[in-house]
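Visitor: As a plain string of letters, each chain reads:
Protein chains: 2
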Amino acid sequence: MTRERLYLFDTTLRDGQQTHGVDFRTADKQRLAAALDGLGIDYVEGGWPGANPTDSEFFAQAPALGHATLTAFGMTKRAGRSAENDDVLAAVTNAGTPAVCLVGKTHDFHVTTALGVSLEENLANIRESVAHLTALGREALFDAEHFFDGYKANPGYALQCLAAARDAGARWVVLCDTNGGTLPAEIGAITRAVIAAGIPGDRLGIHTHNDTENAVAGALAAVDAGARQVQGTLNGLGERCGNANLTSLIPTLLLKEPYASRFETGVTREGLGRLRAASRLLDEILNRVPNRHAPYVGASAFAHKAGLHASAILKDPTTYEHVAPEVVGNERIIPMSNQAGQSNLRRRLAEAGIAVEKGDPALARILEEVKAREEAGFAYDSARASFELLARATLGRLPRFFDVERYRVVIERRRNASGEMVTLSEAVVVVHVEGEKVMSVSDSLDPATHEDQGPVNALSAALTKDLGRYQAYLEDMRLVDFKVRIINSGTEAITRVLLDSEDGRGQRWSTVGVSANIVDASFQAVADAVLWKLIRDGAPKAGE
Amino acid sequence: MTRERLYLFDTTLRDGQQTHGVDFRTADKQRLAAALDGLGIDYVEGGWPGANPTDSEFFAQAPALGHATLTAFGMTKRAGRSAENDDVLAAVTNAGTPAVCLVGKTHDFHVTTALGVSLEENLANIRESVAHLTALGREALFDAEHFFDGYKANPGYALQCLAAARDAGARWVVLCDTNGGTLPAEIGAITRAVIAAGIPGDRLGIHTHNDTENAVAGALAAVDAGARQVQGTLNGLGERCGNANLTSLIPTLLLKEPYASRFETGVTREGLGRLRAASRLLDEILNRVPNRHAPYVGASAFAHKAGLHASAILKDPTTYEHVAPEVVGNERIIPMSNQAGQSNLRRRLAEAGIAVEKGDPALARILEEVKAREEAGFAYDSARASFELLARATLGRLPRFFDVERYRVVIERRRNASGEMVTLSEAVVVVHVEGEKVMSVSDSLDPATHEDQGPVNALSAALTKDLGRYQAYLEDMRLVDFKVRIINSGTEAITRVLLDSEDGRGQRWSTVGVSANIVDASFQAVADAVLWKLIRDGAPKAGE
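Protein chains in written order, with the UniProt record's numbering: chain G, 1 to 544; chain E, 1 to 544.
Hints may be right or wrong, so weigh each one.
Pairs count within a copy or across copies, as identical chains cannot be separated in the list.
DSBU-like mimics (lysine-lysine), calculated; alpha carbons at most 35 Å apart, straight line [unchecked claim]: (1) 483 <-> 371; (2) 483 <-> 152; (3) 541 <-> 358; (4) 541 <-> 152; (5) 152 <-> 437; (6) 465 <-> 152.
By construction, these hints were calculated from the structure, which means they are not laboratory data.
Isolated chain G, as found in the complex (with noise of 0.2 Å):
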């Protein structure tokens, strides 16, 4: 059987930009484009050129893409003047792109009051951009604003609408539902009345939004219908509650039924491979925590609970499971605090380089020992360095290194010389290093910028400031990324802090410690980091 294209539309970097808060670099679009290209993406549309100096600069240094049609944003030409003089739609035309695609109306109330123009003259809009564009031999895509909106006010007019973008030889019509607020079943009826009037479906577009959380659903409603082109972003980045989430949409449509067998995409086996790390991409873009429950790529989305489930998962993951995680670049994750948890325990160890026999009793008692003090607070699952350090040491395979006698922490805010208020930490930690007692004090202040950093970074400092021979080792360890958790409340509350450590060498690692004491939680998870550098760079033991 012959499989139907489906074309997928991306407008991260256009529809998703208009998001509070979204401010990419030119250097942050050409990333994200080449990442969405190389998903296998039909269409990355890039901005609207010539409405801020970022769209206009990616346009000017326009990546060059391998597999994705490069579309630029704009608006149907203003009534009163020929589309080849409305220097707005100069501007989108100028930049070049192969494919080039233009908002209008179609709601009728939206024509007359918000653009105030007549209905004749809109559809004259509509008509004369489009054809302006296929007459430069551009691909012509005509965004139809509201058109949910339109359909239901006033469904001659709103039809009349994408007619004349069709007859002026729009490659695609697209329907928007902009302000989020139709339902899926409604999104289905209505695509299947567009095409019943003559529109084809596989010249239909859709584009939702997600302010009833079915922006995915209603996109998918419209492919039922016969739409073939479907608009969305990763994530789901967009204004108010965003666009359609393409992350969701492309396993559900590469993955699912009816959809796996019946439709053709540009979207590899290869390109979902790359899936999670794309949705990564726009977080690390963003500075934007990732979601841990997105669906697909999300940390969690592949996590079973302990017990039944988990053994079920290991006998049989599509038990569990409605999709493997890895063909979409994710990974499962199996409790290991659970009895069907030994063989998953012995395989994370190994990967971190200790190696068990299968069977040995150890095994058991490293299970136990992750759950007791999960129970307590740690988060072994977020610290994987932790965990190796507690395995070890569960195992009597930990090395000495240093031992920690003492630390005092200093937190002073009072008036400085000049009158203004100011906070300073100092951290003094007493070490014994190959028999050695070395003593190293540090302040908490930037060195750029003279500012307090806090107890943390100067307990951090004090510690990594003379280790003896080990000191070469910590030279190009940083602290990265720091977060606190109050696990209980009130006055019995015990504070987890999660630690994320980088070095030169790009290796990045995840430390956690747990005290009613927020000071000395940080410092258990410092020392941690410190000791598994010094066993992952192989530094000598104590003694060697």
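Given chain G, work out where chain E should sit, using these hints.
Guide: Relative to the frame of chain G, chain E by itself:
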């Protein structure tokens, strides 16, 4: 036209609790149950009595609910014993709730492999367990685990399981898409088939998961097909990608067609107005950052772009909004137009006993100050007491009671006389009260257990140890909760501390502090808490 009754079933406290990292305390569950009841939810599933200490304690101290039916969760009896003699089931029924929901298998493959019992034994387990509940006078619900996969594998057997529950007297049979893999169109088709096979729609519930980002749409598809109970959680909380999000479903079912005219629910318009607050309560309990982009209740859900959109919105909000934000307790955000903000601010200040004339230019200054400080990391929605203090300061109406000259905290970890490693914190605070300098020192040891409670407790104890004439106002005040969040990451981390305080009169108030130094951020929040208490209790100003 008579409207049909549609029932809402919340499982935040049971299925939501299964989420990685979610660990409700009994008091949290009680607060959430009350909030759900206040919305008008019909069933509040509180947990699994006997499965863990928190759930057992919650049912032992069950809150009195006005509208909602408190429901206990459990599983159908095991094979080889009677329902009366199954101790797991007994723990569930002994909780004494008016309704009990039991999960059971309906997928033949799971019955024979996971349970290892015959298909007939499984039917008997369902039948006898449900009959046992009805014999005890309880309302019985049957959760059909993996129903959709089971129906696809063996429709006859899956339907037999439902019929067994129905015939044994189950008020509700709930179709569960346990692994979240069934798409809405298929959920709709299978639900219709179930009804056609003799399970009446008004005894049929739907329970979906968000693994394809279609949980909300799947629930709506089942309602379209005839199901009359919808299960979900606040904010879509749940394992993997979460459960169906009631925070999105409720407004859709109440406000949007075809549902609004067709159905009657337990949620009134008044309850709906508390939806945003209920959503935030859960975030607060979980110490999560509220999702700005959440449909209906997110801070950005009704945030409009500047320019054309915003001016159209001012003329007629229906042009760009599919529902009105205030209906769900949310508010519209229009950039560069704070007319709506000022009247809202005046109302808030009036609630705090701070009267400001309409049009007072101080209102604009307060909004600017709030905005600037929120950009720096403060969170005034959560810290109303600090917001009041900020407004008073801007208005020049902040009384001075005392001045903090300086403070110092020392945190030390070392061996004690018995050779054990111990941590100790000590704080010194120097304040001026009525021209007198007062120095106070306190350590961090819990008077009862002699355990270290960390630097924030030591600082708080020192500050409130001797405030001269104000001391009497502080005797009944205590710290009850403490939340820490790192706002930026890496070396430029800013720490936000939110503090909840309580007094003997049952007042509870929240304050905030922000600093690169976690101890300093905590001190700011403690100082604000003291200041608010003195103002609220009418302490005389300095010199009065």
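Visitor: One pair to classify: residue 541 and residue 152, alpha carbons no more than 35 Å apart. Within, between, both, or neither?
Guide: Neither. Shortest intra-copy (74 Å) and inter-copy (60 Å) distances fail the 35 Å Cα cut-off.
Visitor: Can you tell me if residue 483 and residue 371 fall within 35 Å by alpha carbon in one copy, between copies, both or neither?
Guide: both (21 Å within a copy, 25 Å between copies)
Visitor: Can you give me the call for residue 483 and residue 152, within, between, both or neither, at a CA distance of at most 35 Å?
Guide: neither (47 Å within a copy, 45 Å between copies)
Visitor: Is it within, between, both or neither when you check residue 465 against residue 152 at 35 Å Cα-Cα?
Guide: Neither. Shortest intra-copy (69 Å) and inter-copy (64 Å) distances fail the 35 Å Cα cut-off.
Visitor: Using 35 Å as the alpha carbon limit, work out where residue 541 and residue 358 are close: within a copy, between copies, both or neither.
Guide: within (27 Å within a copy, 73 Å between copies)
Visitor: Is it within, between, both, or neither for residue 152 and residue 437, if the alpha carbons may be no more than 35 Å apart?
Guide: Intra 78 Å, inter 70 Å, cutoff 35 Å: neither.
Violated hints, listed in ascending order, are 2, 4, 5, 6; each of the other numbered hints is respected by the structure.
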